[in-house]
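Protein chains: 2
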Amino acid sequence: MHLLALGGSDAGISAALRARELDPSVEVSVMLADEYPNFSICGIPYLVAGEVADWRHLAHRHREQIEGLGIALLSSTTARSIDVAAHVVIATDADGFERAVPYDRLVVATGAVPVRPPIAGLDELGPRDGVHLLHTMDDARAVLSTLEERSPSRVVVVGAGYIGLEMAEALTARGVAVSVLEALPRVLATLDAELGDVVAAELADHGVEVLTSTVVTAIERDGAGLVVQARRHERDGEPLAVEVAAGMVLVVTGVAPDVALARDAGATLGPRGAIRVDRGMATGLPDVWAAGDCVVTHHALLGETYLPLGTTAHKQGRLAGENAIGGERAFAGSVGTQVVRVFGLVAARTGVRDDEARAAGLHPRTVATVADDHKAYYPGATPVRVRLTGERSTGRLLGVQMVGAVASAVHKRVDTAATAIFSGLAVDQVGDLDLSYTPPLGSPWDVLQVAAQNWHAFPADSNHDPR
Amino acid sequence: MHLLALGGSDAGISAALRARELDPSVEVSVMLADEYPNFSICGIPYLVAGEVADWRHLAHRHREQIEGLGIALLSSTTARSIDVAAHVVIATDADGFERAVPYDRLVVATGAVPVRPPIAGLDELGPRDGVHLLHTMDDARAVLSTLEERSPSRVVVVGAGYIGLEMAEALTARGVAVSVLEALPRVLATLDAELGDVVAAELADHGVEVLTSTVVTAIERDGAGLVVQARRHERDGEPLAVEVAAGMVLVVTGVAPDVALARDAGATLGPRGAIRVDRGMATGLPDVWAAGDCVVTHHALLGETYLPLGTTAHKQGRLAGENAIGGERAFAGSVGTQVVRVFGLVAARTGVRDDEARAAGLHPRTVATVADDHKAYYPGATPVRVRLTGERSTGRLLGVQMVGAVASAVHKRVDTAATAIFSGLAVDQVGDLDLSYTPPLGSPWDVLQVAAQNWHAFPADSNHDPR
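Residue numbers (my numbering), protein chains in the order written: chain D, 27 to 493; chain P, 27 to 493.
It is possible that part of the hints are untrue.
So the derived list for chain P, only partly shown, Cβ under 10 Å to chain D, looks like this [claimed, not checked]:
(1) C68
(2) E77
(3) A111
(4) A112
(5) H113
(6) V114
(7) R367
(8) S419
(9) T442
Simulated from the structure, these hints should not be mistaken for laboratory data. C-beta atoms are modelled at their ideal positions from N, C-alpha and C, and glycine is treated no differently.
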């Protein structure tokens, strides 16, 4: 049996590894368009920051390790079409030749492509002009080249999502001034405004200029540099024309699933145009599974959604690899856990926010809490800000958002909430959890438990903030 | 209605606060033998270390705050007996007068007393000689006096449990040499030997002398100082006589429940002689509830046990306060989550270990894992050592032990495991959990998930260590 994975990132490699692990008799190949199998694209900001010295370090596993596990890597090979009936993938190889690669089982793990917002000049200008999208290792290396060759004194980052903010920090670490332009009224729109504002203040504290409600309309060359044109929408009155001069522009406004191959082969598409898969990662096409940023995600609270995350891609890929060779495991469901570090802060969330729950037909209530990460008498205690969402009727825990200092372990505190949501616990039961306590690292009632108790204590008030 | 709590520490104060919170019409009093209501005795080591500047800071709440919530504090008042039929507590007040304090509902929260091991001289020598037990705030202040007045160059700590190790660190921070003498063959016997050894190495790295398998037999005065006599049991041969000279000796070999009052009033006792309570914290005596270090703990995996912990005392106290005034809440069950920081390491556990599971009639299997706390390419990654125990037949998660650097957030990673055990998850489901990931703070598969996957990958080997 020959299992072929299309895509050499998290999902494709996870599928290949799992199939080999379960059945060493299966022949496994991974086809990828570039020369970066199993690279951590989440690590790109730290490469740009200079915290990771060499791009090669971003490989989860090196090519030799993967091949050593008996996986054939067909790199610099671009899949052109899938002939489902013939069980063949048509591809263009490194030398430009067309190849027909037969398979018995196929895992489509084509990932996502960066969104290109409607900005005049974006299609004409490119890395040579200092204008970059950022998604692949090639993109990352192009950004590094621009930084080295043009030594920009200011960079405009378009988009204040996870990657935009991580890149703002990375560039600041390199001594480059950064302006972040965001079309939405706030940064990190995956969090409630109250918490996004805390992150915005952290950016400002580190000298990052943040312009929200600012829609970029054009990027233009201006001598050796660039000018970004935008419109800033104030609460009242006409939008304000904004012009920012920069040596480099980075456009990071999100991703869309890369589904052309699967769609053309007859796959059904779901939310946001992602490939529809069942919980076993089957596409419905004979012998074709799919996983990662190109597929829909089954969310424990929201059902079918699109939520491209590295953690999910690893899980889905592993499942696809297992099921493609005969397994019968089902994806247990995402709860949408996400985390980002922005300078000294960590912002994390799991489950759904109030507005998301409402949009899904639920009846949520959200209560805000601020509590110290550890006993105040021990030096270094810092506030953790929590917004906890529960279901009014059932008391079920629906979501938790947290922002706190790096040392406050917000990234792992949110995992407790994620586990509680995964397990279907009620808000009330969060208070019953037996969580760890020692004065330098916690409190007898964990921050999350204080938030759960406040949720019950303030039943009539949907946005109580104790501070 | 008058609710009286006997004991002014975590359980007693929690009961009082909860009753007042739920029904401000209830009259609530707390009787305590000293002048330290609601003090964090877990914070004593940090006071001794000098990290907490003033003993007053160790109050969770100050007297004025508690009284401001309408709770009467009967301090320096020692309860002598409970007349259950008459609903009266007989006590000796601060002036030495006997008082009869009537109640309608009683919460016994008398806590625990330090164990006095059979050491010759321990009963004769005391704080004036530099020989200390350590459990109350008065004990802590006596230790501080000895340190200030005698300026010992070496302190012997008898007992290598949580408090013993925290005190070893505290004294080291003060520039005092420390010898820890432990009767068991290893430090921190609540962890498996493999992890206890890592903690022992950390102690040695910080200059703490650790003598295990060493039974202290006598403490003697020697001029202005003290000499500790002990026998060290080597694997083979006769025990070795050991003699350590010290300016101060600290005996911290555990606690026993303080049950005299309740027992004499007719309460039933359970494991380790602790007061038997049902899940609602009722003692069975009319209108008498009990909570905290003096009662048995209902453990989700082990049933009725004795496990005195601050977190549990808070939960039990809160329940006792609620139920004493008419509530009907049940204690959801402890899973035995514990954590300690020892210099740069954090050691944590939840659930049961292999030997504990076996003793409880379960059929466990334990697998060891070492994994980095975050992606190795990002600077500062450190190993987290995990021992994961699951049930052979059902695959249920039974326990997790972890040791790692402070920054690795082991203290909150163990909470994820605690939540999983609380929720009855299988080891397999731990791999399905949607946990957070960003390269500076984690990995796409969390350490706990790698441990869960290893547990499945090594079914025949009860102690596989991948490193």
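(request) Find the hints from earlier in the document that the structure breaks and name them by number, from lowest to highest. (result) 3, 4, 5, 6 and 8
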